[in-house]
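Protein chains: 2
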Amino acid sequence: VLLIDGEPDGGVSALDRGLHYGDGLFETLAVRDRRPLLLDRHLSRLQAGCARLGIEAPATAVLRREIEVVAATRELGVVKILFTRGRGGRGYAPPEGGRPTRIVLDYPWPDYPRDRTDRGVRVRMCATRLACNPRLAGLKHLNRLEQVLARSEWTDPEVAEGLMLDLEGAVVEGTMSNLFVVGGGRLLTPDLSRCGVAGVMRGLVLDLAHELGLPAAQTRVEAQDLDRASELFLSNSLIGLWPVRRLEERALEPGPVCRRLQAELRARGVLAVP
Amino acid sequence: VLLIDGEPDGGVSALDRGLHYGDGLFETLAVRDRRPLLLDRHLSRLQAGCARLGIEAPATAVLRREIEVVAATRELGVVKILFTRGRGGRGYAPPEGGRPTRIVLDYPWPDYPRDRTDRGVRVRMCATRLACNPRLAGLKHLNRLEQVLARSEWTDPEVAEGLMLDLEGAVVEGTMSNLFVVGGGRLLTPDLSRCGVAGVMRGLVLDLAHELGLPAAQTRVEAQDLDRASELFLSNSLIGLWPVRRLEERALEPGPVCRRLQAELRARGVLAVP
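As they're listed, the protein sequences go chains A and B.
All letters in the first sequence, in the order written, are residues 1 to 274 by the working numbering.
All letters in the second sequence, in the order written, are residues 1 to 274 by the working numbering.
Treat the hints with care, since some could be wrong.
Repeated chains share a single entry, so a pair holds when one copy, or any two copies, can fit it.
[Said to hold, decoys possible] Taking lysine to any residue and the SDA-like style, the derived pairs with C-alpha atoms no more than 20 Å apart in a straight line are:
{"no.": "1", "residue 1": "Lys80", "residue 2": "Tyr107"}
{"no.": "2", "residue 1": "Lys140", "residue 2": "Ala72"}
{"no.": "3", "residue 1": "Lys140", "residue 2": "Gly89"}
{"no.": "4", "residue 1": "Lys80", "residue 2": "Gly91"}
{"no.": "5", "residue 1": "Lys140", "residue 2": "Arg90"}
Simulated from the structure, these hints should not be mistaken for laboratory data.
Just chain A, same shape as in the assembly (with noise of 0.2 Å):
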């Protein structure tokens, strides 16, 4: 199912800044007996967006119940919101009294191997990098150019994800993930405001440690933070949590920080495939 503006529609305006200029945001949402799970901490997420973009944000009602809709075809899958500053006319300078386009679709979901929650996942070192810039930072904005390029760096199907340096060499994220390290008894996550997606489950997991009384903080993180952490996991709304098995070289167990993360959110109904 396809909705654009909630009207069922097989086409984009050729005008959509979204095409043009990346000028918009999206949502990746997993759906589990026609349901999106949390759908609230993904609409905050994109209202908190647009407000950072100067996009006139979307009626909450109105989109929430499109998703529904959306979802309800599913019995397991995947439903994706592209939210844009809607049509534009030439030019970077967004027009007055434009109107943004809300575009909901699903997907079947993903073929992940599915023991990749239990047993973990092969990662890689990407060579692609991330620019920073702190007015872009966090947002899960259309401009993707990077993991576009950082995914084309392999084909192996048995590596799960890649991880990604910035500019200036300090470890973000996963092309289509966000990263946690447990290492001197405490859980850690890249720091978000120069570069990255805050994700989120990343923005559960944070919350999730801190109820239960776990160390945890977003911080700058070295090449050399992963060599001496005990755990590494990934993290998205589709995936939940996967153990990092192997990155690169380097063999690692699947942990108890990670385990009690993953026990924590399967009793909170959030994960699509328990």
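Model the placement of chain B on the given structure of chain A, informed by the hints.
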């Protein structure tokens, strides 16, 4: 007129990677007397951009013909080409066997005041910075949120352009134009190996400078270099060259280097509005 893969059509696939990721390139050409100007240079740049992004390059003869068909509808106007990696599955990995999407559309000539070429323009400094990523630098790709945000900083129609610094403080370009600086007897333009768009008109001006024996260089430009400049001017394929007559509070005059290059461009018939 709007051609999508050669067919007159109103809509773009909602699955296009141009929309989802800004995974593509664009070109903006001036049209005069129903003919696109500097067509070879635009096609070459597009080919080079495709090579850098790993997108299958367009069949040049086909694209050239489509551009000519669309341009023929305008006495004076603009043709824009969007060239994307095509439809994609969900996820950043480019699908195997994917085929690019080419979109060719026209716009009316922008209603720039006609005296800008002679009298010059007012320019401001933007607060929005450009992130540095050598992997994307120079490309006219579809990830243009920084330009959108920079261009949103002002609405005064008297201000023709805003200059952007990179995150390290170097002067790079305008939101929609490249910058030339005349100082110490030399023509300078910011080096674009870390960020920025290598404009077709910029390339032509550098070639002309070489032919005319004007000492010219692509180099790092600091804000102080602007203060010391005897001339500043802006370039793009639509405007040709606009001298800067005021940058923030500083007044300047159109100078001999800009005048000589304008005359040369006029003589070569590459300006839409001579």
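> Between Lys80 and Gly91, at a C-alpha cutoff of 20 Å, which is it: within one copy, between copies, both, or neither?
Replying inline: Answer is between; shortest inter-copy Cα gap is 11 Å, intra-copy 27 Å.
> Which holds for Lys140 with Gly89 at a C-alpha limit of 20 Å: within a copy, between copies, both or neither?
Replying inline: between (24 Å within a copy, 18 Å between copies)
> What label fits Lys140 with Arg90 when the C-alpha limit is 20 Å: within, between, both, or neither?
Replying inline: between (24 Å within a copy, 15 Å between copies)
>> Cα distance capped at 20 Å. Does Lys140 pair with Ala72 within a copy, between copies, both, or neither?
In response: Answer is neither; intra-copy 24 Å and inter-copy 40 Å both fail.
>> Please sort Lys80 with Tyr107 into within, between, both or neither, judging by C-alpha distance up to 20 Å.
In response: within (8 Å within a copy, 31 Å between copies)
In the structure shown, a violation is registered for the earlier hint numbered 2 alone.
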